[in-house]
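Here the protein sequences line up with chains H and V, keeping their order.
The numbering of the first sequence is the numbering used here, which starts it at 1 and goes up by one.
The numbering of the second sequence is the numbering used here, which starts it at 1 and goes up by one.
Fair warning: there could be bad hints in the mix.
Below, simulated DSSO-like cross-link-like pairs (lysine-lysine); rule was C-alpha separation at most 30 Å, straight line [said to hold, decoys possible]:
#1 Lys-38(V) with Lys-103(H)
#2 Lys-40(V) with Lys-105(H)
#3 Lys-150(H) with Lys-127(V)
#4 Lys-105(H) with Lys-38(V)
Partner residues aside, some chain V positions facing chain H, computed with beta carbon under 10 Å [what the hints assert, rightly or not]:
#5 Arg-8
#6 Lys-11
#7 Val-12
#8 Leu-139
#9 Thr-142
#10 Arg-145
Please keep in mind that the hints were generated in silico from the structure rather than gathered at the bench.
Source: prediction; values computed, not measured.
No residue lacks a Cβ here, since even glycine has one placed at the ideal position from N, Cα and C.
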Amino acid sequence: MVIARGPSSCCMAGGVRLPFALLALLAACLAVFGAQFPELTGRIVDQANIIPSATRQAVEPKLADLEIRSGIQLVVASVASLDGQDIESYANALFRAWKLGEKTKNNGVLLLVAPNERRVRIEVGYGLEGTLTDALSKIIIANAIAPRFKAGDYGSGISRGVDDIVTVLTTDSSEWQQRPSLRLDNDQLPNWLTWLLVAGAIALVTLLIVSPGFRWLFFNVALNLLINSGSSRGRGGGFSSSGGFSGGGGSSGGGGASGSW
Amino acid sequence: MMSPTAARLLKVVFAVLLSLSVSACGYNTIPTDEEIAKAKWADVQNNYQRRADLIPNLVATVQGYAKQERDVLTAVVEARSKATQVKIDVSQLTDPDKLKQFLDAQNQLSGALGRLLAVSENYPDLKSNQNFLALQSQLEGTENRIAVARRDYIEAVRVYNTDLKTFPTAIWAATVFRSNKPMAEFTATDSAQTPPQVKF
Numbered sequence: 001m002v003i004a005r006g007p008s009s010c011c012m013a014g015g016v017r018l019p020f021a022l023l024a025l026l027a028a029c030l031a032v033f034g035a036q037f038p039e040l041t042g043r044i045v046d047q048a049n050i051i052p053s054a055t056r057q058a059v060e061p062k063l064a065d066l067e068i069r070s071g072i073q074l075v076v077a078s079v080a081s082l083d084g085q086d087i088e089s090y091a092n093a094l095f096r097a098w099k100l101g102e103k104t105k106n107n108g109v110l111l112l113v114a115p116n117e118r119r120v121r122i123e124v125g126y127g128l129e130g131t132l133t134d135a136l137s138k139i140i141i142a143n144a145i146a147p148r149f150k151a152g153d154y155g156s157g158i159s160r161g162v163d164d165i166v167t168v169l170t171t172d173s174s175e176w177q178q179r180p181s182l183r184l185d186n187d188q189l190p191n192w193l194t195w196l197l198v199a200g201a202i203a204l205v206t207l208l209i210v211s212p213g214f215r216w217l218f219f220n221v222a223l224n225l226l227i228n229s230g231s232s233r234g235r236g237g238g239f240s241s242s243g244g245f246s247g248g249g250g251s252s253g254g255g256g257a258s259g260s261w
Numbered sequence: 001m002m003s004p005t006a007a008r009l010l011k012v013v014f015a016v017l018l019s020l021s022v023s024a025c026g027y028n029t030i031p032t033d034e035e036i037a038k039a040k041w042a043d044v045q046n047n048y049q050r051r052a053d054l055i056p057n058l059v060a061t062v063q064g065y066a067k068q069e070r071d072v073l074t075a076v077v078e079a080r081s082k083a084t085q086v087k088i089d090v091s092q093l094t095d096p097d098k099l100k101q102f103l104d105a106q107n108q109l110s111g112a113l114g115r116l117l118a119v120s121e122n123y124p125d126l127k128s129n130q131n132f133l134a135l136q137s138q139l140e141g142t143e144n145r146i147a148v149a150r151r152d153y154i155e156a157v158r159v160y161n162t163d164l165k166t167f168p169t170a171i172w173a174a175t176v177f178r179s180n181k182p183m184a185e186f187t188a189t190d191s192a193q194t195p196p197q198v199k200f
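One chain only, chain H, in its complex shape (with noise of 0.2 Å):
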């Protein structure tokens, strides 16, 4: 009690001033580390200005439809310096400042040009590293998107290696089939559940007027969880209502293949 009443004091009296300082601090920060990364502004951000309108047209439909499919988000960028980082180190970082994927899932994928640094990489999420794995993105990079670029045909390389990636990542369908099943089952309960939980809720209810100590537990508990998942909850999907686009909480580890041209 003596140990919890000291700092409980401190955090609302003193305290006020401190956060507000550290919080400026941090913004600060930010705005100097988010200044590094283009912004997520579609499916296809071209810092660098090498990919034509066309291809843009014709690839950007493809990364919609594969994440309508699959939950999947493929996200093409090219970036007009790599800060006189690695490809992989700054892949790495741009793709988890994006958070492209499904918070659960991190199944998100990241191709992306540095054409002054003559650099290309595809960072794979850690969901997906299993289906599209370092092999395999060294392949499609090998062959479909080096050979091009080294011909100075940008569009295609990219338009070519979007293909295969979206032919790797759907080919191997045994997880995003079964999502439409799952989904059914999902959203009608069986009766017998629906009766569960009424009787559950009635329980605790119950519980909570007769009993003081289970009460004390539930508030703790639950006021607890209350507070604490709504700083972690992430987002889910990748469309906002506005119809802007924005990652969804998803992280990647390094997994996937580089190349040069």
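Fit chain V to the known structure of chain H by using the hints.
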């Protein structure tokens, strides 16, 4: 005069407030960050293990084309067996010597592997072998994963060690979590700074 129900209600409110303020003051921070750092270490170790698992295949493939490079091949095999022997438990993460031992063994393997890959450049047949190409890209990917996992671990340790030293979590570190020691850090990628030596 307070009715018994009101008194009980007050107690509940007090308990809730207390639990809120305790968690707001970072009681949970130290254990949470400790677990995160441990999980990141598990990642590091997994990726090293993954590399070790790839090596027998790679050695077998190279052997088929470059038998005369016996020295390089045995160096890799030996470094691998040494590296897989040094295991580090999550409870030993606070011991810098142990960690250094582990990383030294892994770095030695990195060096031996680098030499093997450099040597294999001299064998055109080997370089165009599909199996070798696949293994090489997997190895590259694993090295990259190791780099990412190491970076994540370093960051997690930094956060955890900072918790132990900074306000308000330092209060908990000095009282309830007195047995918690700072975890050993290591510098970013020392193996990347010294590229493998190629001898001709």
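Q) At a threshold of 10 Å, is the proposed contact between Lys-11(V) and chain H supported by beta-carbon distances? A) holds, 8 Å
Q. Taking 10 Å as the limit, does the beta-carbon of Arg-145(V) come near enough to a beta-carbon in chain H?
A. holds, 4 Å
Q: Assess, step by step, whether the Cα of Lys-38(V) is no farther than 30 Å from the Cα of Lys-103(H), and give holds or violated.
A: Between Lys-38(V) and Lys-103(H) the Cα gap is close to 21 Å, so the pair holds against 30 Å.
(Q) Please check whether Leu-139(V) passes as an interface residue: C-beta within 10 Å of a C-beta belonging to chain H. (A) Holds - the Cβ of Leu-139(V) comes within 10 Å of chain H, reaching about 8 Å at its closest.
Q.
Restraint: Arg-8(V) near chain H, CB-CB cut 10 Å. Satisfied or not?
A. Cβ of Arg-8(V) sits 6 Å from chain H, so the hint holds.
Q. For the pair supplied as a hint, Lys-40(V) and Lys-105(H), is the alpha-carbon distance within the 30 Å limit?
A. Roughly 18 Å between the alpha carbons, so the hint for Lys-40(V) and Lys-105(H) holds.
Q. Given Val-12(V) as an interface hint, is the shortest Cβ-Cβ distance to chain H below 10 Å?
A. holds, 6 Å
Q) Would the pair Lys-150(H) and Lys-127(V) pass a check requiring their Cα atoms to be no farther apart than 30 Å? A) holds, 21 Å
Q) Regarding the hint that Thr-142(V) lies at the interface with chain H, is the smallest CB-CB distance below 10 Å? A) holds, 8 Å
Q) Given the hinted pair Lys-105(H) and Lys-38(V), is their alpha-carbon gap at most 30 Å? A) The hint holds at about 22 Å.
Checked against the numbered hints given earlier, this structure breaks none of them.
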